[in-house]
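Residue numbers (my numbering), protein chains in the order written: chain A, 542 to 869; chain B, 542 to 869; chain C, 542 to 869; chain D, 542 to 869.
By construction, these hints were calculated from the structure, which means they are not laboratory data. Quantities reported herein were computed from a predicted structural model and do not represent experimental measurements. There may be inaccurate statements among the hints.
[Claimed, not checked] Computed footprint of chain D on chain C; a stretch qualifies when at least three of its residues, placed anywhere within it, have a C-beta under 8 Å from a C-beta of chain D: (1) 545–554; (2) 603–613; (3) 752–761; (4) 776–786.
We put the CB at the ideal spot given by N, CA and C, even for glycine.
The primary structure of each chain is shown beneath.
Protein chains: 4
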Amino acid sequence: MSKTIKRIGVLTSGGDSPGMNAAIRSVVRTCAYHNIECVGIYRGYQGMIEGDFKEMGPRSVNNIVNKGGTILKSARSKDFMTPEGRQKAFSNIQKAGIDSLVVIGGDGSFTGAEVFNSEFNIPIMGIPGTIDNDIYGTSFTLGYDTALNTVVEVIDKIRDTASSHNRLFFVEVMGRDAGHIALNAGIGAGAEEILIPEEDLGLERLLDSLKKSKASGKSSSIVVIAEGDKIGKNVFELKDYVEANLPEYDVRVSVLGHMQRGGAPTCFDRVLASRLGVKAVESLIEGKSNFMVGILGDKITLTPIDQAIKGHSEIDRELLKVADIMST
Amino acid sequence: MSKTIKRIGVLTSGGDSPGMNAAIRSVVRTCAYHNIECVGIYRGYQGMIEGDFKEMGPRSVNNIVNKGGTILKSARSKDFMTPEGRQKAFSNIQKAGIDSLVVIGGDGSFTGAEVFNSEFNIPIMGIPGTIDNDIYGTSFTLGYDTALNTVVEVIDKIRDTASSHNRLFFVEVMGRDAGHIALNAGIGAGAEEILIPEEDLGLERLLDSLKKSKASGKSSSIVVIAEGDKIGKNVFELKDYVEANLPEYDVRVSVLGHMQRGGAPTCFDRVLASRLGVKAVESLIEGKSNFMVGILGDKITLTPIDQAIKGHSEIDRELLKVADIMST
Amino acid sequence: MSKTIKRIGVLTSGGDSPGMNAAIRSVVRTCAYHNIECVGIYRGYQGMIEGDFKEMGPRSVNNIVNKGGTILKSARSKDFMTPEGRQKAFSNIQKAGIDSLVVIGGDGSFTGAEVFNSEFNIPIMGIPGTIDNDIYGTSFTLGYDTALNTVVEVIDKIRDTASSHNRLFFVEVMGRDAGHIALNAGIGAGAEEILIPEEDLGLERLLDSLKKSKASGKSSSIVVIAEGDKIGKNVFELKDYVEANLPEYDVRVSVLGHMQRGGAPTCFDRVLASRLGVKAVESLIEGKSNFMVGILGDKITLTPIDQAIKGHSEIDRELLKVADIMST
Amino acid sequence: MSKTIKRIGVLTSGGDSPGMNAAIRSVVRTCAYHNIECVGIYRGYQGMIEGDFKEMGPRSVNNIVNKGGTILKSARSKDFMTPEGRQKAFSNIQKAGIDSLVVIGGDGSFTGAEVFNSEFNIPIMGIPGTIDNDIYGTSFTLGYDTALNTVVEVIDKIRDTASSHNRLFFVEVMGRDAGHIALNAGIGAGAEEILIPEEDLGLERLLDSLKKSKASGKSSSIVVIAEGDKIGKNVFELKDYVEANLPEYDVRVSVLGHMQRGGAPTCFDRVLASRLGVKAVESLIEGKSNFMVGILGDKITLTPIDQAIKGHSEIDRELLKVADIMST
């Protein structure tokens with residue numbers, strides 16, 4: 542039988558994403574609601590190794606539900622990849638009386654948590670926090686919806702210039718090896734073409750599509766490109782290639798970069814973070830461990846964390862067709 | 542066997558909502574993609590009665606994916622409630638060669654479509670467009686996600702003042718008889734209490750909650766109130782009641798009003814609109830009629846339109862608990 | 542000769558406005574830059590009476606340049622209107638070693654500062670912080686530019702609905718007895734008519750203007766109304782009056798309220814706050830007292846604080862003409 | 542004596558900027574107000590050469606006051622640099638009955654207008670439209686205030702990530718040879734260091750400043766860099782240089798690019814555009830020519846267009862000091 546949970550540690554790890562603060566707030570307040578203590582661990586696993594902890598009560602998380610970034614800070618920890626590092630981390634949390642962990646981050650962070658659990662048998666629960674939406678077992682990761690809105694708002698601005706000057710813009714967005722941001726923000730922003738890692742249509746198809754777009758009377762075009770796309774050229778080489786082959790096009794490049802990771806979370810991300818935090822804490826209380834909380838359909842669910850790590854988050858093929866039709 | 546669809550009419554009806562333009566664009570472009578003609582009908586059913594039509598091709602809907610409101614305009618039509626009105630509408634669309642209809646609107650608009658179909662046997666398909674999210678058969682209506690973000694952004698601003706002055710704010714939001722906006726935006730905005738039509742907790746509970754909030758060390762509070770709540774007092778009477786009973790509170794009221802219906806749609810609403818438009822047109826092509834397209838889980842679905850009209854969109858009770866825990 | 546300044550107290554008083562935090566940050570960092578100590582006084586004059594102080598260094602004001610509200614909180618203090626209250630306040634700041642004050646607020650706050658200076662001979666400097674822009678001696682008060690943008694963004698959303706439904710909206714904005722917000726935001730939002738306290742055109746002119754607007758082919762209209770306007774009817778009575786006299790109009794009312802006071806300050810307000818804070822502290826160091834810092838033209842200036850209090854901030858009559866032409 | 546103006550042509554030229562549409566609207570409606578005809582010329586001087594004109598009345602410019610870009614489109618025209626091109630342009634406008642021109646653009650566009658006036662004696666009036674604020678004779682160009690807000694909003698987001706990860710970000714902003722955007726947005730966004738073309742402090746000073754920043758306890762830093770800065774390295778080389786010399790820093794680069802040119806204009810830009818349009822048209826009516834309208838202090842002014850072209854827009858040195866103090 543599982544031991545009673547008395548004191549939960551919470552940390553954020555990996556790249557930050559909007560909604561992490563809302564998730565921290567939810568974990569802290571759910572602990573308070575159930576009369577469990579809560580300890581914030583700074584800078585992810587590195588702070589665990591350095592013993593950088595802080596007691597947290599419901600008032601510690603006032604006015605953060607709408608803040609981007611993470612008040613607990615985040616870091617990538619090389620030390621935690623060594624047995625010595627993890628041993629030190631475990632000693633620190635033992636000393637601090639922490640008996641279970643909620644880890645907010647991506648699959649790298651979950652892998653760390655799983656290893657830590659296997660070595661020291663401390664209950665862990667994962668909350669998926671990354672803008673890339675590349676995690677199996679949840680339809681939405683924290684920060685993804687916010688990033689989509691950041692991207693479409695920026696492309697809306699770029700389109701003002703594109704259509705004033707009859708230009709073609711290549712806009713590179715984040716997503717690591719996943720095309721979720723590119724595909725959804727591309728549809729949302731009305732892109733004429735979308736290049737994603739999951740679907741290499743080749744350079745010929747891009748040229749064809751741009752020719753067709755011009756012929757159909759469109760005066761300006763936006764092509765959204767995922768950073769991990771497989772077309773074999775980076776976005777600047779692509780510009781040169783298109784200008785060489787389609788001299789009627791005046792191409793500009795915009796690499797959106799880190800702004801996509803920040804900003805006040807959308808309502809969706811705030812509500813999702815609140816729900817996931819409640820589920821994570823209550824699942825630990827119920828004696829569960831080694832799960833990732835997530836949302837599938839409209840329901841908050843648990844996925845074994847090793848499945849979340851190994852599984853692959855697929856793009857929705859229906860959206861490829863929608864994107865194609867929308868660029869008519 | 543169903544006749545072949547050649548010429549689709551599209552209209553928006555009832556209160557406008559962000560995403561309606563993206564849905565119009567999707568209907569128009571899906572028609573073009575499948576070599577079907579498309580006719581825009583202005584001002585909903587009233588424009589049908591007055592023969593206010595416009596031929597639409599893929600270039601007619603350039604640069605509207607990100608615009609609030611509806612380029613086809615909307616109206617409520619009393620004439621369409623009479624058999625004479627509907628007969629006139631039918632004559633007009635017959636003359637215009639329109640052989641099927643996509644109706645973007647709420648349940649009132651769907652009722653009109655259903656009656657029209659029953660009388661004249663013209664295939665119809667509904668797309669749920671309303672910020673209230675009060676339609677059975679879809680987890681999200683067009684405009685709802687945008688409205689939630691509008692509301693939380695405004696409450697974020699109000700909270701700046703609330704916490705600078707240690708005040709209590711009552712914020713009234715839209716939603717007709719449904720508490721979806723209030724409940725979700727309330728959680729998203731970190732409201733201390735949320736009053737919705739589906740759950741009348743009574744005035745005592747409100748006072749208790751505010752007392753507890755003060756005692757817990759919170760220096761400011763936001764109470765979100767759905768316009769259709771059942772607490773028996775309007776928001777201004779509620780202010781007076783709370784000030785009379787809890788003199789330690791300095792209460793302000795803000796009625797958000799119509800701004801909630803406007804604004805550029807979020808990425809979510811734009812993608813949803815694009816998907817629903819494709820499904821609506823392709824379903825007509827497949828010979829289907831009398832359905833509402835919607836999203837359930839992550840899938841685009843069809844719900845018989847009479848079920849969509851009669852069914853009741855329930856709030857998620859899990860969210861009530863989450864709201865309660867978050868206000869700890 | 543003036544004594545050397547060693548320790549400055551800073552407070553915010555009256556209604557909060559965006560940019561107050563940026564001004565606090567500027568005062569604190571300018572003190573640090575000149576090796577002067579700085580003390581934050583909470584809740585305005587009331588905190589002075591209660592001795593609610595906090596030592597502030599450059600790191601105390603990290604990450605607040607973009608936050609609405611005021612981290613020092615604000616309040617209206619009845620006690621400070623009594624000689625006993627002010628005596629107590631003076632004792633507290635003497636005990637705390639505070640030898641001069643920067644007061645961020647409106648004319649009421651400046652009046653308090655002036656009285657305090659006259660009684661206890663402590664050097665004071667005022668920074669104009671209010672969204673109303675109703676202070677003599679500065680072309681812009683802190684928060685005014687932000688409030689204008691908040692208002693036009695909201696009216697942009699309302700216009701989506703107005704033009705989708707061919708409706709008339711009355712939008713009431715803040716400004717106390719001044720029409721600055723209404724006049725500028727009205728022009729910015731493309732209002733058909735603007736009602737301000739400084740110019741009572743009468744009800745007949747409003748009706749005429751609305752008739753002309755309809756006749757000119759406008760399908761929707763926005764009328765912006767300052768809260769202090771002198772037309773003799775509140776905004777709801779105005780709606781009834783117009784509907785009674787112009788039945789072709791379907792009128793809606795939106796009272797924007799407190800959201801206008803909050804939100805992240807615009808770049809203009811952040812830069813202005815930074816400049817005013819530097820000038821306030823450096824003026825105290827130079828031995829000056831009893832001035833309000835402000836901006837006239839492009840220059841940061843000093844205005845004797847009694848002039849700032851007694852003087853009247855006029856609207857720019859050129860803008861009335863521009864508003865009139867723009868509604869053609 | 543000057544001829545009576547009967548028919549004004551209006552065009553936008555050069556890079557687009559937010560507020561151009563509001564200026565077009567103002568020109569069109571001021572013409573209508575004074576019973577003068579107005580013709581829109583598409584794609585700047587190129588459209589003049591190609592005779593791409595459109596009659597404009599007050600309803601042609603409905604609902605554009607809040608739109609970025611330019612409905613008249615913009616282009617750079619090589620043909621207009623030849624006498625033959627300009628002769629053709631003149632023939633076209635003569636045929637169209639256009640007797641005077643309002644040119645909205647930057648100094649390149651004004652140079653074209655001045656040459657055209659000297660050759661064909663057609664009255665011209667310039668309105669400064671560029672985000673760079675690099676035009677002599679006006680404190681603000683159209684679009685500059687909007688661009689500043691776009692930049693600070695993006696840097697606010699980047700700072701979320703910077704402070705969550707204790708990182709240093711180099712953010713490159715627009716401005717051609719002028720540091721206005723970098724300097725003002727840098728102060729507004731709380732940048733630790735700002736590199737502008739007008740002030741080359743050298744690489745040593747940058748390193749010193751970053752060392753000091755670290756020593757002072759700042760956990761993250763933003764350096765804003767104008768695209769035309771003179772430090773001798775591009776932003777990516779600068780990153781390498783700093784990482785080589787200050788290994789304690791983990792540097793990221795963000796080049797904001799074209800998004801800075803788009804978006805809905807701020808209230809300030811909308812009001813300024815409205816005022817400048819009125820002044821431009823009324824000055825032509827009064828028989829004036831060869832001026833640029835602008836704003837100096839709070840007043841709308843006229844500057845001889847050759848001075849506007851040759852003059853140099855200086856940065857405000859006071860702001861350099863403010864920036865320095867703010868980074869304490």
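Original post:
Within the stretch 776–786 of chain C, is the number of residues with a Cβ closer than 8 Å to a Cβ of chain D three or more?
Top reply: violated (count 0)
Subject >> Given coverage of the stretch 545–554 of chain C by chain D, tested with a Cβ cutoff of 8 Å and a minimum of 3 residues >> reply: With 0 residues in contact (Cβ-Cβ under 8 Å with chain D), the coverage given for the stretch 545–554 of chain C is violated.
**OP:** Quick one: see if chain D covers the stretch 603–613 of chain C, three-plus residues with Cβ-Cβ under 8 Å.
**Re:** Check passed, 4 qualifying residues.
Original post:
the stretch 752–761 of chain C covered by chain D? Criterion: 3 or more residues, Cβ-Cβ distance below 8 Å.
Top reply: Holds, because 3 residues of the stretch 752–761 of chain C bring their Cβ atoms closer than 8 Å to Cβ atoms of chain D.
In this structure, the earlier hints numbered 1 and 4 are contradicted, and the remaining ones agree with it.
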